[in-house]
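K.L.:
Take the two lone chains and join them into the complex the hints point to.
Chains as they are written, first to last, in our numbering: chain A, 1 to 115; chain B, 1 to 118.
It is possible that part of the hints are untrue.
[Claimed, not checked] Mimicking DSSO-like on lysine-lysine, the simulated pairs with C-alpha atoms at most 30 Å apart in a straight line are:
1. A:Lys107 x B:Lys41
2. A:Lys49 x B:Lys41
3. B:Lys64 x A:Lys69
4. B:Lys41 x A:Lys77
5. B:Lys20 x B:Lys41
Since the hints were derived computationally from the structure, they do not count as laboratory data.
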Amino acid sequence: AQSVAQPEDQVNVAEGNPLTVKCTYSVSGNPYLFWYVQYPNRGLQFLLKYITGDNLVKGSYGFEAEFNKSQTSFHLKKPSALVSDSALYFCAVRAPGAGSYQLTFGKGTKLSVIP
Amino acid sequence: GAVVSQHPSWVICKSGTSVKIECRSLDFQATTMFWYRQFPKQSLMLMATSNEGSKATYEQGVEKDKFLINHASLTLSTLTVTSAHPEDSSFYICSARDREQGASYEQYFGPGTRLTVT
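Next up, chain B with everything else stripped away, as it sits in the complex (with noise of 0.2 Å):
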């Protein structure tokens, strides 16, 4: 079955920095990603759509100069969380969608990366 990665699975970053995280589709090519944010006993929220070799659509209220992402290739999203603070602890959850199926397929998910920033 189609497999989605991410790496790292977690992390724990000082306030101010930067954070990359790396979301592969491992045997199919992603057309498109989304990543989501999920807090604590909460629903995911979808922060952006990730096309590959254009910008991406970010949803309303969500920072596209504090959350970058970059679709570089059919296989690969990154969202980088730049100069982070401690609210943007959470729950990280990309997913994509195989370019081969059609639009009623669903979209696999990958394990999620847990983001501390202290």
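The following block holds chain A by itself, in its conformation from the complex (with noise of 0.2 Å):
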């Protein structure tokens, strides 16, 4: 069974810092991998992929992620943070194959950036 696990319930960080948000997977095969942000009462917002190919994505506002298969990690990063950044942000992993797309998401990172 796939699972992905985010290690951080909150982060905190200044804004115009370096943001990092964690996510660790476990998945037969290569991985889809996904991440998604969610402002309040709404729903998920597609931030970015890896599929196959380069290591690091690069996605919306300015987001990016590096897939590191040794560390079985996808995290997400943003070289300064903007407090409109302030969210829930899921990772989410997809086993590739056929019949199946389900999503097994992440439990959540709440980002805080602090102006």
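P.N.:
Right, dumping it as structure tokens:
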């Protein structure tokens, strides 16, 4: 069975500083990895994904993530945090293969960017 | 971009009544839609996978007779919470896959429906 771990419930960072939101995964085979962001009382918005190719993936709003196969990690990063980045961030994984398109989500990490 | 809508965005109902939540893909056809439930400050829990023209596949522990799912067309799936109780109060989110895209593409999420049962 596949699983995702987001070890931090909350991450606080000062505006303008770099931010990292951690994610590790467990899946059979090569994973499809995703990051989503959720603002209060809203659905999830897609940020970026890793399917294959370059380990550094660039996504929306200046976010990027690095796929590290040896460490089974897919940490989300941004060079300079904005107050508007404050939200709930979810990492998700899908095992490649026929039939199932289900995503398994981590528990989420609340990011607070302090002015 | 692909847009998924949900209706209503919030609903309050009395205990014992039934509530229907709609999930629509507005600019693409979705052979597969997913229904999630999210408790406060928690992750999304997959309830069921809805396939157009066939019965939904429910996750373990989800009562199929309580959470009725219908996916009658390529753009609409509905979730009906029957005989709702206060413990069914939650944030329900749907997502959809574009059938024209490959397996590696992301799911598109609706904005969610806040259900409160009094």
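K.L.:
If a hint holds in the structure, say so; if it does not, say that too.
P.N.:
Going down the list of hints, with the structure as the test:
Between Lys107 (chain A) and Lys41 (chain B) the CA atoms are separated by roughly 9 Å; this keeps the pair inside 30 Å, and the hint holds. For the proposed pair Lys49 (chain A) and Lys41 (chain B), the alpha carbon gap of about 23 Å is at most 30 Å, so the pair holds. Between Lys64 (chain B) and Lys69 (chain A), the direct Cα distance comes to roughly 38 Å. Violation of the 30 Å bound is thereby established for this hinted pair. In summary, the hint linking Lys41 (chain B) to Lys77 (chain A) is supported, as the alpha carbons are separated by about 22 Å, within the 30 Å threshold.
Restraint check for Lys20 (chain B) and Lys41 (chain B): the C-alpha separation of about 24 Å stays at or below 30 Å, so the hint holds.
The structure is inconsistent with hint 3 alone, although it conforms to all the rest.
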